[in-house]
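Chemist: Once you've looked at the hints, dock chain W against the given chain Y.
These protein sequence lines are chains Y and W, in that order. Under my numbering, the first sequence is numbered contiguously, ending at residue 330. Under my numbering, the second sequence is numbered contiguously, ending at residue 330.
Derived from the structure by calculation, the hints contain no laboratory data. There may be inaccurate statements among the hints.
No copy is singled out in the list; a pair is fine if it fits within one copy or between any two copies.
To be verified - When the alpha-carbon atoms are kept at most 20 angstroms apart in a straight line, the in silico DMTMM-like pairs for lysine to aspartate or glutamate are as follows:
1. K259 <-> D121
2. K259 <-> D286
3. K259 <-> D270
4. K259 <-> D289
5. K259 <-> E285
6. K259 <-> E287
7. K259 <-> D232
8. K259 <-> E233
9. K259 <-> E307
10. K259 <-> D322
Letter by letter, the chains look like this.
Number of protein chains: 2
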Amino acid sequence: MDTAPPLSPTDRSTVRRGSARSRTDRAELYAVLDAGLVGHLGVVLGGAPVVLPTGYGRHGDTLYLHGSTGAATLRAAGAGAPVCFTVTHVDGVVYARSAFHHSMNYRCAVVHGTARVVTGADERLLGLQVLTEHLAPGSWAATRQPDRKELAATALLALDLTEASVKVRTGPPGEDERDLAAPVWAGVLPVRTVLGEPEPDPLLPEGVAVPDRVRGRRLR
Amino acid sequence: MDTAPPLSPTDRSTVRRGSARSRTDRAELYAVLDAGLVGHLGVVLGGAPVVLPTGYGRHGDTLYLHGSTGAATLRAAGAGAPVCFTVTHVDGVVYARSAFHHSMNYRCAVVHGTARVVTGADERLLGLQVLTEHLAPGSWAATRQPDRKELAATALLALDLTEASVKVRTGPPGEDERDLAAPVWAGVLPVRTVLGEPEPDPLLPEGVAVPDRVRGRRLR
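So here's chain Y without its partners, still in its complex pose (with noise of 0.2 angstroms):
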């Protein structure tokens, strides 16, 4: 059961352009997030905007974020500046009878707040964990779990999900009256992220199979 509480926009979590495709189901949040491998983090460095590509993980209403140690962004983040960290997912290409209505389908979660450096040695495992599990399902068990020297040299981050804002396109073009007659090819090509063959190390021992968590893999 989904009881959760709706998103609650603050001014800057409130959807304005196309306010039609903002969703305020917590739900969604959840949804949009989980089935990300990536997202951008962006923090102001020297005034300026630095966005990178950050892996993730949730847990509940906790977003667990990690990088090395000597990454300034992270540096930055932990050190309480403000961030933004959004996900997008590319659904499809809508093509329309003018150039003018070309979109695109997405969806998309961003969250805004202040990081918080995660220093509990239980949390930071709990996150370490959330974070393995999210990008490589079932690895935890099934591998050497992180030792001291690796922990420290892991910067763990904590952002929470009070104040994000998730938007959606889906669907057709939304064309002019005066374009619908006009004998152009319009809808939508879908766009797809899949999974590939795995690539088993070279240095792999004979005899290793690929397990399931890896071959029966499926994206969300």
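Modeler: Relative to the frame of chain Y, chain W by itself:
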């Protein structure tokens, strides 16, 4: 012939983390940008970063971005606020024998700069053509071009590709020597973006076939 100058690193466009993954060939920048459908535009609004998916197209060393004239991020960028524009392709999930060495194969281009509002009628038309052709190759010539009202409703920005960086990860996991003998599968699960079967607009008059620009489209 690629006679473009190499990427000239400034302080913020110098790849610091994982510099072995950095590329300095301008042709690689073009390739990563040209292969994307959407980028993430970062702008500072009220001291905080805002990162939104944004359509784009490249013409030589100019990136054209567009959106509604009402979008706050585009207004800020057009008013001279520094921007960061990032295009990322996820190419694979890298499974390792340890949780720590799990990774992602990807190509990522990051462009820093200050955008310029395109005002000249000729360049505005060029920019919209570049954007349309990037999103939907062949559509500019095949569809109705923008009229005066549509042109006025579109904010068009130009971003110079002078200050940019490219980072690419390929190949199997980097592992600790100590883990190599573990009977744990390691390797790469490829991730690909593919196009599906065209879905005609229900309002299409009978007999308008799917054109080759749609049916025969290949992603770069």
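Chemist: Give the relationship of K259 and E307 under a CA distance limit of 20 angstroms: within one copy only, between copies only, both, or neither.
Modeler: Neither way: K259 and E307 sit 33 angstroms apart in one copy and 49 angstroms across, limit 20 angstroms.
Chemist: Under a CA distance limit of 20 angstroms, which applies to K259 and D121: within one copy, between copies, both, or neither?
Modeler: neither (42 angstroms within a copy, 29 angstroms between copies)
Chemist: Quick one: K259 to E233, C-alpha cut-off 20 angstroms, is that within a copy, between copies, both, or neither?
Modeler: So K259 and E233 pass the 20 angstroms test inside one copy only (17 angstroms; across, 54 angstroms).
Chemist: At most 20 angstroms between CA atoms: does that hold for K259 and D232 within a copy, between copies, both, or neither?
Modeler: within (16 angstroms within a copy, 58 angstroms between copies)
Chemist: Checking an output row: K259 and E287, CA cutoff 20 angstroms. Within, between, both or neither?
Modeler: This pair counts as between: shortest inter-copy Cα distance 15 angstroms, intra-copy 64 angstroms.
Chemist: Up to 20 angstroms between alpha-carbons, please classify K259 paired with D289: within, between, both or neither.
Modeler: between (63 angstroms within a copy, 15 angstroms between copies)
Chemist: From the Cα coordinates, with 20 angstroms as the cut-off, is the pair K259 and D286 best called within, between, both, or neither?
Modeler: between (61 angstroms within a copy, 12 angstroms between copies)
Chemist: Please sort K259 with E285 into within, between, both or neither, judging by C-alpha distance up to 20 angstroms.
Modeler: between (58 angstroms within a copy, 15 angstroms between copies)
Chemist: Are the CA atoms of K259 and D270 at most 20 angstroms apart within a copy, between copies, both, or neither?
Modeler: neither (27 angstroms within a copy, 42 angstroms between copies)
Chemist: Are the CA atoms of K259 and D322 at most 20 angstroms apart within a copy, between copies, both, or neither?
Modeler: neither (30 angstroms within a copy, 55 angstroms between copies)
Hints 1, 3, 9 and 10, counting from the list given before, are not met by this structure.
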